[in-house]
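Participant: Using the sequences and the hints, build the whole thing.
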Amino acid sequence: MSAKVRTLTVLALALSVAACGQSQPRNGTATSTPSLVAPLTSAVTTATAAWVVVPMGRVTDPLNTFWQLFVRTSSQQKWALVTPRGVADNGGLVLSAGQTRDAVVGIRPSQLLTFTPLALTHNAGSTFTPDLLPAALEATPDSLATSSTGAAVAVVNSGTGIAFRRALGSPWTTSTNISTLGTSSLGRRCRPTSITSVATVASTTYIGVACSRPGTLGLFELSRGAALPVTAPVPAGQRASTFVIDRLIATNNNLEVLARSQQGSSASYVLLLRRASTAAWQHASTVNTDGSLVSTSVASDGAIAIVSRSPSGEPKGVIFRPAKAAWVRMPAPPRSAVVVALVGAGLQAIAADGTQFRVYTYQNANQTWLLTQSMTVPITYGSSH
Amino acid sequence: MPGMGQGLLANNPIVVAAFQHALRLQVLVVGLLFLIIFGAWLARYVVTHPDVVDATPNLCTPTEPAGRRLLRIAFGLLWILDGALQAQSAMPLGMPTQVVTPAASTSPVWVQNLVAHGLTTWLRHPIPAATSAVWIQVGIGVLLIVAPRGLWSRSAGAASAGWALIVWVFGEAFGGVFAPGASVLFGAPGAVLVYALAGALIALPERSWSGGRLGRWILGGTGLFFVGMAVLQAWPGRGFWQGQATTQATPGNLTAMAQSMSQTPQPHVIAHAVSWFAKMDAQHGWAINLVVVGTLLSLGVGLVVVAFRWRPGMARVVVGLTALACLADWILVQDMGFFGGVGTDPNSMLPIIFLVASGYLACVRPLVAPAQNQEPSDAPPRSVALLNALIVVGALGVILFGAAPMAVAGINTHTDPILTEALNGDPGQTNQPAANFNLTDQVGRHVSLASLRGRAVALTFLDPVCTSDCPLIAQQFRVADQMLDPKSRKHTVFVAIVANPIYRAPEFVTAFNKQERLNGIPNWLFLTGSLPALQQTWAAYGYQVQTLSAGAMVAHTELAYIIDPSGRLRARIGSNPGADVQTAASLSTLLAQQMRAVLPQ
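Protein sequences appear in the order of chains A and B. Just so we're aligned: the first sequence equals residues 1 to 385 in our numbering. Just so we're aligned: the second sequence equals residues 1001 to 1601 in our numbering.
Everything labelled a hint here was simulated from the structure, so no lab data went into it. Computed from a predicted model, the values in this text were never measured in an experiment. Treat each hint with caution, since some may be false.
Some, not all, of what chain A presents toward chain B, calculated at C-beta under 8 Å [as the list claims (entries may be wrong)]:
#, residue
1, R85
2, V87
3, P117
4, P378
With the C-beta cut set under 8 Å, the calculated list includes, among others, these residues of chain A facing chain B [as the list claims (entries may be wrong)]:
#, residue
5, Q68
6, L81
7, T83
8, G86
9, A88
10, D89
11, S110
12, Q111
13, T114
14, P130
15, L132
16, P134
17, S384
18, H385
Ideal Cβ positions, reconstructed from N, Cα and C, are used throughout, including at glycine.
Facilitator: This is the structure we're talking about:
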């Protein structure tokens, strides 16, 4: 073999090797990674009203997804659209409902907006007063907590900080942040990845986080601007699980904590109750679940409902825990149901599909969901482009 | 309306008209240049040879190596064709969006970033960039053709190679060699890379063409390239072995390419041929790819064999078959490359044919060194040499005529106003008293239009909780302010008035200013007021504000107003910032221009 032929052979081989680099990448195998934070789709029930926050429009296109707020007062018995107007809400809505007909809605910033318009109502959404949080509100259902005096606390800046104000009209100031939380003894055990939720119970503000280390529930109490660790009991069988606090619920001067635990591919929910008067923990219950979390619903009496979805996309089931009772698995809700509202002693599955809003009421007698209300929601497609 | 932003179409009539106008003017200038050159030559020729005015100049010297001459003239003509294609009306806006960006879209991120960096100049100055490309390519083409020998000819080759490499990197994203699915059938590794190779060959010293060695290298190199491309074509999993089993199935790469090409606007007969091939490949994808691989491999091996063991008869057959195969691919797959309104060149197969033919000619007709002391009997007459020299100067002038505006565009970071005019229309010039307003600024001071008398005012209306256009418009106001010289800035003020009936409180104005980093700008005012005061101002300026359905932004018209220091409304400018950065940036240039126009000189 001559030198030229050898050279040519080497060059041809080099080209062949280059060809290897040109081959198309194989499709990766889809893996389901659990969401770190609870979806914004949620429901809150107080003594006077039930509220739901749902995405509507073309939900696969963020700029054509318009979040809507509906309310059902105990006097009206029908759901009404009460989404605040005057601002694009493609980033999602966060609701903080008071015990009367008052509520504060955080309109999460999207696209080029970086601060958070708020809308306050004292009449269950009949009218709103604009307000402002000068930071980006986190996309979790309990990222905003308010009190009747106008004091408020919010999870901001992608779950890394806490902002608070002492009263309506007073300036917002930053409080603690995730780095500071991580330096406490609890923080070192938990190694928090994000702040997920806040709640105010009897003038005490609580902060829930997502922990990256197993065996620890990341809960803090905000006192004079500083975060103090709150040691919460972890169920005996779950010391190897990591916990995310999805919801913090104020229930009659008690704090209810809904934490999602993850161990491998299995997930479960742990519900804890802390009595404000004694600061004693009462381990409520644990329930296993699978599929991805679609929505969470809470009520001021302590009731909880969770909607999860199977990998195929269909709502898989509703897990319901009535106040002070055991978890119950409900029949699968109708197609496109995304959240369950806790209405009085019953349940209503809310389906939001495009511009269609439908309400299915659970019939205890025959254990089915019956369509009881529907309405068309006006949506201005393209208005956020 | 915010939220209704749109991109510019390649055939935007305002941009097309501006491009054609610029080209017409430049054709006149170039024509005049050559007229002067020809006139100068004619005058000198008549003075020195009054009796042979009808002599036909011979532009080529016969002793130039045949292979080199073929390369020079063929690629000269290709550059002129490419220049003419660059003159298509869709090029100023279509070149970046329909040619370069799609070419880079499947390449690695570093390639996309590099290409985007180069594209910025074009996007900022689409008209000068597009016209520059026309004249640089026409100039290189003419220079290649009219400079047959010597330093200028070799320089033309070097210029051709250099420009081709620039186009290869920034215009073709490295010919897609870093993207998956590259195939010689589609044009990999890029047509202009062949131009660059041809330019480099032309730039070689002429003695390199003696003895046929260079020709064999060209043939052998091309053969090796074909072998490598055959391996690439045969590589499993790259999507070339499949056709399209059903109309719903994902087509193979070759089928998809042919199907896509058949949709290009083009003469019916060519569309029919390409469409036929697409159907054939859909049905017999595996067999056709086998033929393609076999052909590439056979031709590649044939060219390598010919390069090492020269046999004239075999060389003729292999080169002829290579030309036929390339022609078939050029028509059936590459679709000749230049149809559709934004075709920039005839793709890679014609250049490859010319390259292989040049290699063949270099072998069969190598440069023969003249015998010592022999006078070249066919040297051109002195007058012809003079004409050649003048045309060379003219061609250089054309290249410079194209390169100079591109160089200027490269250092001018301000986007031309043509983009915002293309989107929003020409600024409406007027001269009437501007309506007064009485509002408060971001720090609570009362501000009326009357209080701004003596300063030029750029006025617009912004929604402080807007998520899309308003922040972009505010930024362009900020940039326009920075574009003015310090003296002018003292006599100007940029004013926004709240365009939201709900979120209009001063804290929203403050939050918006902070968000857009407008707080520290001394001549920036964001005004708000009671709802009646705002409504009165909106009405006075014919401004429409509408609260839409729940969850939607407030809709409002997008206009800016230029008010001169005496309080007269002088221009109405559509302020839709568009769907891309450069269109938005174009608005600031227009605003600054309009503000300068109303300031006292």
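Participant: Now, for every hint given, state plainly whether the structure supports it.
Facilitator: Here is what the structure says about each hint:
1. R85: Because about 5 Å separates R85 (chain A) from the closest Cβ in chain B, which is inside the 8 Å limit, the hint holds.
2. V87: The hint holds - V87 (chain A) has a Cβ within 8 Å of chain B, the shortest such distance being about 5 Å.
3. P117: With Cβ-Cβ at 5 Å, under 8 Å, it holds.
4. P378: Hint holds; P378 (chain A) Cβ to chain B Cβ min 4 Å, cut 8 Å.
5. Q68: Cβ of Q68 (chain A) sits 6 Å from chain B, so the hint holds.
6. L81: Holds - the Cβ of L81 (chain A) comes within 8 Å of chain B, reaching about 6 Å at its closest.
7. T83: holds, 3 Å
8. G86: Status holds, d = 3 Å.
9. A88: Holds - the Cβ of A88 (chain A) comes within 8 Å of chain B, reaching about 4 Å at its closest.
10. D89: holds, 5 Å
11. S110: Cβ of S110 (chain A) sits 5 Å from chain B, so the hint holds.
12. Q111: Given a least distance of 4 Å, the restraint on Q111 (chain A) holds.
13. T114: Hint holds; T114 (chain A) Cβ to chain B Cβ min 5 Å, cut 8 Å.
14. P130: Constraint on P130 (chain A) satisfied, holds at 5 Å.
15. L132: At about 5 Å, which falls below the 8 Å cut-off, the nearest Cβ of chain B leaves the hint on L132 (chain A) intact, so it holds.
16. P134: Holds: closest Cβ of chain B sits about 5 Å from P134 (chain A), inside 8 Å.
17. S384: holds, 5 Å
18. H385: With a minimum Cβ separation of about 5 Å from chain B (threshold 8 Å), the hint on H385 (chain A) holds.
Checked against the numbered hints above, the structure violates none of them.
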